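Student: Residue-level listing of the chains:
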Amino acid sequence: MKVYISVLKLRLSMGMQYRAAALAGVATQFFWGFISIMVFEAFYKHAAHTPPISLKELIQYIWLQQAFLVFVMMWFRDNELFDLITSGNIAYELCRPSGLYGFWYAKLLAQRLSSAFLRCFPILIVACLLPKPYNLEPPPDITAFLLFLSALLLGLLLLVAISMFLYISVFITLSPMGSLLVFGVLSEFFAGLVIPVPLMPIWLQKIAYVLPFRWTADFPFRVYSGHIPEQEAIIGILIQLAFLTVLVLLGRAALNGVLKKVVVQGG
Amino acid sequence: MIQLEGITKSYKVAKRATGLKQAAKALFYREHTMVNALKDISFSINQGEIVGYIGPNGAGKSTTIKVMSGILVPDTGKCTIMGYTPWKDRTQYVKNIGVVFGQRSQLWWDVPVMDSFELLKDIYKVPQQEYKSTIGQLIQTLELQEIVNTPVRQLSLGQRMRCEIAASLIHNPKILFLDEPTIGLDAVSKIAVRQFIKTINKEKGVTVILTTHDMNDIEALADRVILVGKGSLLYDGQLEELRKRFGTKKIITADYQKNRNQIDIPGTATLSWSPERVILSVDTAQIKTSDVITQLSNQRDLTDVTIETQPIEDIIVQLYKEYQI
Chain A
1 MKVYISVLKL RLSMGMQYRA AALAGVATQF FWGFISIMVF EAFYKHAAHT
51 PPISLKELIQ YIWLQQAFLV FVMMWFRDNE LFDLITSGNI AYELCRPSGL
101 YGFWYAKLLA QRLSSAFLRC FPILIVACLL PKPYNLEPPP DITAFLLFLS
151 ALLLGLLLLV AISMFLYISV FITLSPMGSL LVFGVLSEFF AGLVIPVPLM
201 PIWLQKIAYV LPFRWTADFP FRVYSGHIPE QEAIIGILIQ LAFLTVLVLL
251 GRAALNGVLK KVVVQGG
Chain B
1 MIQLEGITKS YKVAKRATGL KQAAKALFYR EHTMVNALKD ISFSINQGEI
51 VGYIGPNGAG KSTTIKVMSG ILVPDTGKCT IMGYTPWKDR TQYVKNIGVV
101 FGQRSQLWWD VPVMDSFELL KDIYKVPQQE YKSTIGQLIQ TLELQEIVNT
151 PVRQLSLGQR MRCEIAASLI HNPKILFLDE PTIGLDAVSK IAVRQFIKTI
201 NKEKGVTVIL TTHDMNDIEA LADRVILVGK GSLLYDGQLE ELRKRFGTKK
251 IITADYQKNR NQIDIPGTAT LSWSPERVIL SVDTAQIKTS DVITQLSNQR
301 DLTDVTIETQ PIEDIIVQLY KEYQI
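Taken in sequence, the protein lines are chains A and B.
If you count by the numbering used here, then the first sequence holds residues 1 to 267, one letter each, in order.
If you count by the numbering used here, then the second sequence holds residues 1 to 325, one letter each, in order.
One or more of the hints may lead you astray.
Claimed, not checked - A short, non-exhaustive set of chain A residues, derived as facing chain B with CB atoms under 7 Å: (1) 6; (2) 91; (3) 92; (4) 97; (5) 264.
Claimed, not checked - The list that follows gives simulated cross-link-like pairs (lysine-lysine, DSS-like), each with its CA atoms no further than 27 Å apart: (6) B:244 with B:198; (7) B:132 with A:9; (8) B:132 with B:202; (9) A:9 with B:95; (10) B:15 with A:2; (11) B:39 with B:15; (12) B:249 with B:288; (13) A:9 with B:244; (14) B:132 with A:2; (15) B:88 with A:261; (16) B:15 with B:230; (17) A:2 with B:198; (18) B:12 with A:260; (19) B:88 with B:39; (20) A:2 with B:321; (21) A:260 with B:15; (22) B:88 with A:260; (23) B:12 with A:261; (24) B:132 with A:261; (25) B:39 with A:261; (26) B:15 with A:261; (27) A:260 with B:95; (28) B:258 with B:288; (29) B:95 with B:125; (30) A:260 with B:230; (31) B:174 with A:260; (32) B:78 with A:260; (33) B:321 with B:250; (34) B:78 with A:261; (35) B:125 with A:260; (36) B:230 with A:261; (37) B:174 with B:198; (38) B:12 with B:88.
For the record, the hints were derived by calculation from the structure and aren't laboratory data.
Computed from a predicted structure; not experimentally measured.
Glycine is no exception: its CB is placed at the ideal position from the N, C-alpha and C atoms.
Extracted from the complex, chain A is given alone in its bound form (with noise of 0.2 Å):
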């Protein structure tokens, strides 16, 4: 345990050392905010029906997304582990006495953790004194808060284990490109980052509700809006805990699998 607050820790004090990055991603992602926001609303004002989620769920569905954006984009990499794999430096991650698989999902958690840190506060606060009705707002009552957190870190561990198979499929294909694409646009896709799930067509809503995808993002969200009743949300969250159970326990098959062939040449 304390090894992974250690990486936590070093992550964390990494993070910090590139503050114009953060900075610029808070930008990026006010200027994205704003502009879909401005798309949804437009559709908003000339829709036949009424759309299946309200525009005022709508924009904090996107406040959300932009202020937790690195706890649910898939194309968020760490970049280091790919080289580990495709350099060979694996060689002294395997002579460690840690599993690699809880090594690594602690790299990458607090990769993520250590960014997040970093941009949420600033999105969410000023998020929070925008005019309305472009603001984002509390969620309905403390309840509905409490399932929104436990959501979102139980989205953002799913996340991560399903990342976890980008980087075992860097073993053998050897370039993350290809899987970084593959993954990346499936993702972001059905965990409701480009549309929102309630928006998309019905056969297409079927098929992101089997996918373990939404569940990181789009579920998370919808609970703080409360577009989602809490009596589901807490079925939700039990799915959520099956999802992360199989994919953590599917990864640590592949990871030893591939471990088995891995072949370190040079050097």
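Here the structure of chain A is known, so what remains is to put chain B in place on it, guided by the hints.
Tutor: Showing chain B alone in chain A's frame:
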């Protein structure tokens, strides 16, 4: 302590000729060749030994180190180190070993060296007290005072390498594998590193296995050398023995008063000759060095004579030739 029996490892390597046409062909059909990196390697090493593991490029040195440190799974063979099979009991086993890969880095690039050390402390679960004394000692003997608070990316190669070695020893391993630890180091750092390896071997009884291309490292550190070539074990024994067997040549350089007569002493070969100086290579199996000097002084009016033993490098080159590797 370390026992290898019949270790074999082969790699599958994709092969193709250069050129666009060949590349296009390789899209559909690929030729693979099996490279036998290790063929039936067996040896055993006792506690407290320093063993030099040498061989030309691509001989299988690093592969052996990787097998012994549990990174690679060999195709066949048995390897028992301190009662563990490295690739099977990996997590249990690696607590006891330290590894330095000269061409790779284990330090976190962006943060001060000390932060990497602290993380390793937690990874290996080293108690705070023990860590403090170990790290103090390491910093002192490897002269890291000035650099431990610098981010790794700002260190020179030599400085980084000293930190890498320190990083491998934080958990007080009983066996240390060094894969080209002196690569790219300047003379001063090399000597510091060698001195340090000797110290930990003597004081803590750490078993050291070292691969290198710098024969001075071997000469300064290892009593025993294991020579591999093309994946096979060629020689395993004392360095002195090797010298006796192959290093039977001595080089004599003699300066003398001008004399245009050729020199011909049986059992020697003339490497270079001028009216004032001759360099002879003496085969001591055929003729004693002292006899050569006597003959020289009989034939010439000597002004200066120097005798050199054959450098270890030459012996190795000769060995490589002999085994045709």
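Student: Against each hint, give a clear statement of whether it holds in the structure.
Tutor: To see whether the hints hold, each was checked on the structure:
1. 6: 4 Å, holds
2. 91: 5 Å, holds
3. 92: Hint holds; residue 92 of chain A Cβ to chain B Cβ min 4 Å, cut 7 Å.
4. 97: 5 Å, holds
5. 264: 6 Å, holds
6. B:244 with B:198: 24 Å, holds
7. B:132 with A:9: Holds: residue 132 of chain B and residue 9 of chain A sit about 20 Å apart, inside 27 Å.
8. B:132 with B:202: The hint holds at about 21 Å.
9. A:9 with B:95: At roughly 23 Å apart (the allowed maximum being 27 Å), residue 95 of chain B and residue 9 of chain A satisfy the hint.
10. B:15 with A:2: 46 Å, violated
11. B:39 with B:15: OK: residue 39 of chain B and residue 15 of chain B at ~21 Å, within 27 Å.
12. B:249 with B:288: 10 Å, holds
13. A:9 with B:244: Distance ~57 Å between residue 9 of chain A and residue 244 of chain B Cα, so the pair is violated.
14. B:132 with A:2: 17 Å, holds
15. B:88 with A:261: Measuring from Cα to Cα gives roughly 13 Å; hence the hint holds.
16. B:15 with B:230: 19 Å, holds
17. A:2 with B:198: 34 Å, violated
18. B:12 with A:260: 15 Å, holds
19. B:88 with B:39: 21 Å, holds
20. A:2 with B:321: Roughly 54 Å separates the two Cα atoms, so the pair is violated.
21. A:260 with B:15: With Cα atoms ~24 Å apart, residue 260 of chain A and residue 15 of chain B stay inside 27 Å; holds.
22. B:88 with A:260: Distance of about 10 Å is within 27 Å: holds.
23. B:12 with A:261: Judged against 27 Å, a Cα distance of about 12 Å means the pair holds.
24. B:132 with A:261: 38 Å, violated
25. B:39 with A:261: 19 Å, holds
26. B:15 with A:261: At roughly 20 Å apart (the allowed maximum being 27 Å), residue 261 of chain A and residue 15 of chain B satisfy the hint.
27. A:260 with B:95: 20 Å, holds
28. B:258 with B:288: This hinted pair holds, its Cα atoms lying about 26 Å apart.
29. B:95 with B:125: At roughly 10 Å apart (the allowed maximum being 27 Å), residue 125 of chain B and residue 95 of chain B satisfy the hint.
30. A:260 with B:230: 24 Å, holds
31. B:174 with A:260: This hinted pair holds, its Cα atoms lying about 26 Å apart.
32. B:78 with A:260: This hinted pair holds, its Cα atoms lying about 17 Å apart.
33. B:321 with B:250: Roughly 19 Å separates the two Cα atoms, so the pair holds.
34. B:78 with A:261: Status holds; Cα separation ~18 Å.
35. B:125 with A:260: Holds, at roughly 26 Å.
36. B:230 with A:261: 22 Å, holds
37. B:174 with B:198: Distance ~14 Å between residue 174 of chain B and residue 198 of chain B Cα, so the pair holds.
38. B:12 with B:88: Since the Cα atoms of residue 12 of chain B and residue 88 of chain B sit roughly 22 Å apart, the hinted pair holds (cutoff 27 Å).
When held up to the earlier numbered hints, the structure conflicts with 10, 13, 17, 20 and 24 and fits the remainder.
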